[in-house]
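Chemist: Residue numbers (my numbering), protein chains in the order written: chain A, -11 to 403; chain B, -11 to 403.
Quick caveat, the hints were computed from the structure, so don't treat them as lab data. Cβ atoms here follow ideal geometry from the backbone N, Cα and C, with glycine treated the same way.
In silico EDC-like pairs for lysine to aspartate or glutamate, Cα to Cα no more than 20 Å straight-line:
1. B/Lys(-10) - A/Glu(-1)
2. A/Lys(-10) - B/Glu(-1)
3. A/Lys286 - B/Glu301
4. B/Lys286 - A/Glu301
5. A/Lys286 - B/Glu351
6. B/Lys202 - A/Glu(-1)
7. B/Lys35 - A/Glu23
8. A/Lys(-10) - A/Glu157
9. B/Lys286 - A/Glu349
10. B/Lys286 - A/Glu351
11. B/Lys35 - B/Asp61
12. A/Lys202 - B/Glu(-1)
13. A/Lys35 - B/Glu23
14. A/Lys35 - B/Asp49
15. B/Lys35 - B/Asp62
16. B/Lys35 - A/Asp45
17. A/Lys145 - B/Asp379
18. B/Lys186 - A/Glu100
19. B/Lys331 - A/Glu301
20. A/Lys(-10) - A/Glu164
21. A/Lys331 - B/Glu298
22. A/Lys35 - B/Asp45
23. B/Lys331 - A/Glu298
24. B/Lys186 - B/Glu228
25. B/Lys313 - B/Glu301
26. B/Lys186 - A/Asp62
Covered by chain B, according to a simulated footprint, are these stretches of chain A (three or more residues, beta-carbon under 8 Å):
27. 343 to 351
28. 375 to 385
Chain residues, written in single-letter form:
There are 2 protein chains.
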Amino acid sequence: MKAEIIAVGTELLLGQVVNTNATFLSEELADLGIEVYYHTVVGDNPKRLENLLGEADHRSDLIVLCGGLGPTDDDLTKDTVAAHIHHTLVQDEQALARLHEFFTFSNNAMTENNLRQTLMIDGGIAIQNPTGLAVGTLITKNETTYLLLPGPPNELKPMFHHNVRPLLEERFPQAEQLISRVLRFYGIGESQLVTELKDLIDNQTNPTIAPYAKPNEVTLRLTAKIADEMAGQQLLDDLEAKVMDTVGDYFYGYGDDNSLVNVTVEALKEHGKTVTAAESLTAGLFQSTLGDISGVSKVFKGGFVTYSVETKEQFLGIDPLLLKKEGTVSEACAIAMAEQARKLADADIAVSFTGVAGPNELEGQPVGTVWIGLAEKGQPTVAVCQQFNRDRRYIRQSAVMKGLDLIRRAVVKKK
Amino acid sequence: MKAEIIAVGTELLLGQVVNTNATFLSEELADLGIEVYYHTVVGDNPKRLENLLGEADHRSDLIVLCGGLGPTDDDLTKDTVAAHIHHTLVQDEQALARLHEFFTFSNNAMTENNLRQTLMIDGGIAIQNPTGLAVGTLITKNETTYLLLPGPPNELKPMFHHNVRPLLEERFPQAEQLISRVLRFYGIGESQLVTELKDLIDNQTNPTIAPYAKPNEVTLRLTAKIADEMAGQQLLDDLEAKVMDTVGDYFYGYGDDNSLVNVTVEALKEHGKTVTAAESLTAGLFQSTLGDISGVSKVFKGGFVTYSVETKEQFLGIDPLLLKKEGTVSEACAIAMAEQARKLADADIAVSFTGVAGPNELEGQPVGTVWIGLAEKGQPTVAVCQQFNRDRRYIRQSAVMKGLDLIRRAVVKKK
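Construct the complete structure from the given sequences, taking the supplied hints into account.
Modeler: Okay, here's the thing in structure tokens:
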């Protein structure tokens, strides 16, 4: 089973956009046991795409194309592939209905060219796009399968997960299946994790262990290649137990689509605890991260953004003398912020963030210094000092992740 | 002058590494007036690379290869290219001296395989590597030029800047340069923008117009290909004037690295205005977006996250009767939130967000309904109702963008 990925878009050839779709698709296809032999990028040029398809036909069983499904005249992927295999384009009724619905509820006018997005290749399977308007197609001709997906990653990824993966699993079943499990860790770097697990990683054959570093966390993918599902799960259970023996304290949850905020909100719900926040350098990023989770209103009612000295006094009623004496980037300020926020919002738990996001130091403290306070009903309030690095955005994100972990550990009592 | 980029490395095909080298090289080559027609990724497999070189020879004047110059057995790029053009590999003395110097100052033992890194293709020009050990080669054979560079971006980039760029400028002097300008638009979709500019786009030759849709905004890149910089800027000025005649009302700023929040914060600074917010469904995302901008403390002191009915009353002092009578997703609530936030934070301008992020409807209002309030000192407070779509995250981001645009328009109006 040989596959290749063709990304269509002049913006990629001009270096304006990075081809992250090829990376994403490669990882997904590998996971399905489909080997990728080539990535190619070609501009919005039907002749060159047609030439490329001629080559790809001969060397690949599956050709995944991304980009060029949009409404404008330079979106030519569908037309070119259809012409190449001597098929026509037809309207997909489900995509058309979605388009009309979209523009009914939209502030933008629906221009005629949008209809192009609802065309698919006749004889193929329409792939619906949950987060966009361009419909995809999966079609097999002369033993080659063509899969057409849109270019924007925020459309391509959900389409792949929800609609393409099940299709490919059905079309291209593997004698041995890949059974995998993702473990997520917070508070340990990739190089340290790999060092701690060196013996396990060096001796891996089946199941395999693949570490993957993401911003502020590391995941481990355990994968068994085996015919029998039950036996595969047992292999993964055994390996997971060994991993947990070594680095279990940093483990927070399972799954590709999981996140620390998700696990933290679930823990709060499960224990019936509410949370609030007072944010200085993070400026609402912690609360906004909570807001990403649907149903968070059960545990989060609101909170404060106190970016300046004045708002720390005005909104939270913090003693100006304390701020003057201790400074705003201090243990005392973090504790006062958390305590006052908890009382004012009448919540079970409050977290506070005060520190130096940069680019300049503040109150003589270096960029990346962050105090995080944690106030719990019936518990002494504590604050921890962290030193983060890289840029402004990363420092603020790192602070939010640490705040989530403090709350999660407090709630599940894994202090 | 046609170029293509071939990246060699199985890790790219497995989705473990993103091909940022192709993006970097494309941008650099475009800047030198060299047009890139293809990117290809191939694994560490000499036969497939050899096949690819056979195709590339026919279609490109310049073939840039990156990756596969290292010390290990799977680093085969140099051997494959040399064999392809019937040349041999020779030791580069300068790279060899550097290798010995490196290991003299290193704690690691120099293993024999490191010598492979100092080999270049006989008859070519050696490209020294200021931050690594693998030497590159530039060689022309049968009117095709091959440029071999290492894979690690932290080696490839300095090599390109210091040693490759001057060579290419000398070898391929361009009569014409590419001069480009990016215009940014908010409040108009890509399909509508393209429809409005149809005549200009259909008749483009030089300069060209390339639209690009991003979440909640559209950019237009105007590009002139011309020998004289001044004449090029004049061409772009003329085209920009025509674009502005049609869609100027949606234009908010210039440049690839710009953003609506950046322009809005700059406008606030310029006019000496401060801003605050009361956020319900956005849950701090507006304020956090402001917090991304360094130096925002001059115009932003803090604000409120009032996710529940209770916190709207407690934090902002909104009349419970109003909330009961009008509902929280209402014009009256948005206006009260903005007015109260402005007063409590003593700011010049306040924005408020209240609406339905989903997945379920709220107070009988459909998912995506958002009221955004705008309170300005000395002006009547207003609120607009927007209907956004897609998912929770997109609805909240869309609301934040609209809030920024309302503030920007309010501030620049009073010039």
